[in-house]
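Once you have looked at the hints, place chain B on chain A.
Protein sequences appear in the order of chains A and B. Numbering follows the working numbering, with no gaps: position 258 of the first sequence is 258. Numbering follows the working numbering, with no gaps: position 577 of the second sequence is 869.
There may be inaccurate statements among the hints.
As the list claims (entries may be wrong) - Here are the simulated distance ranges between beta carbons:
#1 B/Arg742 / A/Arg272: 33 to 41 Å
#2 B/Glu791 / A/Arg272: 44 to 52 Å
#3 B/Val487 / A/Gly267: 44 to 52 Å
#4 B/Glu677 / A/Ser164: 40 to 48 Å
#5 A/Pro207 / B/Glu737: 50 to 58 Å
#6 B/Asn719 / A/Asn104: 31 to 39 Å
#7 B/Asn727 / A/His179: 38 to 46 Å
#8 A/Gln15 / B/Glu762: 44 to 52 Å
#9 A/Ser146 / B/Glu762: 53 to 61 Å
#10 B/Lys454 / A/Pro153: 56 to 64 Å
Unchecked claim - Result set (DSS-like, lysine-lysine): computed pairs, CA atoms no more than 25 Å apart in a straight line:
#11 A/Lys271 / B/Lys531
#12 B/Lys531 / A/Lys289
#13 A/Lys41 / B/Lys531
Derived by calculation from the structure, the hints in this document are not laboratory data. All C-beta atoms, glycine included, are put in the ideal place defined by N, C-alpha and C.
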Amino acid sequence: MSEDVTIADYQYPTQPTWCPGCGDFAILQGLQMAFADLGLKPHESLVVSGIGCGSKLPHYTNVNGFHSIHGRPVAVATGAKLANPDLNVVVTAGDGDSYGIGANHFLHACRRNIGITHIVEDNRVYGLTKGQYSPTSYKGFVTKTSPEGAIEPPLEPLPTALTSGATFLGRAFSGDVKHMKEVIARAMEHEGYSLVDVLQPCVTFNPGRSYDFYNERIYKLGDDYDPTDKQVARKKAEEWGERIPLGVIYERNMPTYEEQVPALEDGPIVKRSLDMEERSGVSYGEIKKDFT
Amino acid sequence: MVTDDMTIVFGGDAGQGIRSTGLGFIKANARSGLFPFGRQDYKSRIRGGHNFFEIRVAREEIYSHTEGIDLLVAITEETVTEHLEEIVAGGGIIYDEGLDVDPEELKDNGVEPYPVPLNRIAMEEGGAKIMANTAAIGAIVGLTGFDLSYIEGIIEENFAVKGDEVVQNNLDVARAGVEYVDSHGYSANYHLEPVPESEERMVINGNQAFALGAVAGGCNFVSAYPMTPSTSILEWITKHSQELSIVTKQPESELAAVNMAIGASHVGARALVTTSGGGFSLMVEALGLAGMTETPLVIAEVSRPGPSTGLPTRTGQGDLMSVVHASQGDFPRIVLTPGTISEAFQAGARSFNLAEKYQTPVITLSDQHLADSIRAVDPGIIDMEGVEIDRGELLTEEELDSLEGTYLRHEFTETGVSPRALPGHENAVYKTTGNEHTEKGDITEDPEIRMKMMDKRAKKAETALENDIESPIAEGPEDAEISLLCWGSTYGAAKEAIERLPEKGVRANLCHLRDAWPFPAEEVTGFLDGAEKTVLVEGNGSGEMKKLISQETGRVVDHEVLKYDGRPFTPDYIVEKVEEVI
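Only chain A is shown next, with the shape it has when bound in the complex (with noise of 0.2 Å):
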């Protein structure tokens, strides 16, 4: 824990816009907690979001934000890191930017192993746009897109994060907020692609995912569990229903997308010269030769 960073350097002045209740404050301050705690000065990050209620995420607080459009947060953050791997790059983006318009992303994302933390506001409904069913709103969800009761079954993402590749699996709830700044914080630490979904209750469109929903059927797991095995993770990450288990649920150590990157090898390109010759140290005679 760094002496000089402490959550006060975090602080923003503009008002959240988010509802009295809604999980979205206890992820910016998850959020702004880990960062402290891990002693990272706001220089140093860059919060990538897409669009809705918990993408304003950035405004909110005393960081680098980059607030993008609905379902391309990843990929502008994988740009990011691609051209500068010192920044940490975080996303803060919502359970429909992450798992149904953006869900591309998010698949390659794990199997590419980048670098970026991507943290998911996964409040299973759309509120932005006043309550319309989500990727991972529960089958018979009534919603106004969805008067008889949503049809498709939600999608998992810590099972469909698992299978495509991820290197490093959380679970947080939004109504324990220093569990989440510890699942958040080893998220950042981890190196490669780690993804924190978030269970987030929707005060507004989504009272059947309240707070007393979430609170009856989590647990945390203990000092005991081992997260590095993958059959046991694979087993926790499917858990969901009367009991739905919090934490690091797997976490394995593989070379990063960035880090195996030939043009990386030297240092962030954004460090480097913007001049060829100077950079490469191979002459624009020798690349013209090519063509004679």
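What follows is chain B alone, placed relative to chain A:
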């Protein structure tokens, strides 16, 4: 009359080595001081199906292919039937004697038959049927009087990796091809004589020229999804990415490609996205994001005829309106429309400076014809050493160190361009957003700020037009009866058309738009007002540039010559259509 401007077509099935044979011949021509212009016509398939490689060779620099074939090299019977009618009077066909071709019938059509036992020579001298192509090259050398030593040099280089034996076999086959033609008394009325003491040439296509411009322009990040005919830019840069320290990424989709480039650019990379019309359509939402967040973004849109899959391996200029207007709301962008190797190189080099100077998307709109046509050029026009890198209003480390107060990423300025900090400095922690925002980057819906921000961004287009948009190129006599207007790859054929029109008694000039947006209205208006009769020549079905000119100048171009069959313009075609207009 012996001509030194001739067209040779190699025809065969895909997979028979037509392309590599053609490329080798082009390189040999270029080294001999001649100016080849090569064009491959292929279908969207890997093997099988007729395809051909066309090479026009001249003693002076040429900018276009032309109609009519002087010498056809037929590896298949289909090649003969496909191209027979295109052969000019006095032209001929080199074909394997085993093909079912009637020499008497050819003669009746005014075509010289040159049967050569290509396969037998290949087997006897080289030991493999694939060397029939080499035998054909030998036959061409025999017919045209070209210097075999240039061909030998190419064979030695191309086959070196396969070992001395393969090199020697190919050399033997080529020589046997020459000897066969010589010993059978074949002759032709065209001649390919090397140009003595000529300067060294580069043999290059439009995509490669763009790629060289890009790397000289500081490109250090490419994210692109393969799409014909843009892919060779991605491939060329990727091939050199390790030695040149350029991060290249082929991601899961075009959506990923453009958004990765935006992320990379946001933190300071000079990021390039290559695509074609379909992929560009997928990127449009992100284009708006780059416009709104004022993130530099460079896109190469190498177009092909649409809609949808259209004619995937062919050429067209149907994406002009799309790249100029594709948007949610209004934001400034720059669109370059190169027409030559030199302009393609310049577009690659300029794009990154323009994108950083104006902190907005810069799109180079090229097409399959410019992208794939191979030309010999003076290496001086690929002036990589001369490219200067200008990062515009990017704050340096020292400027950031002495920055005081709150950093305003989207500060209102006179030029519309705000000083830009890259994320990572203690004194400039900031956010930006696709939502409308304040100078600081916070979301706002304040009507007054909204108006000011829209005006600020729009101002950048004005600044760019004043400082960086290149004037159209005007060529030909001022007192012309016919004035052609063109853009992009059509320039080459139009240029030759105005040189040929005087033979038909028509004085013609042209105006070529190499930069299309922000629209150089003043210059185009001047050209139109000074012209007697104007004709827009472009490769699409609705006259997109003609409409754009009306929109931007209030002037209506008199006539249009459009082509949307997927094939590039030829000077012959333009001349013929212009005569109809008169």
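* Against the earlier hints, flag every one the structure doesn't satisfy and list their numbers going up. => 5, 7 and 13
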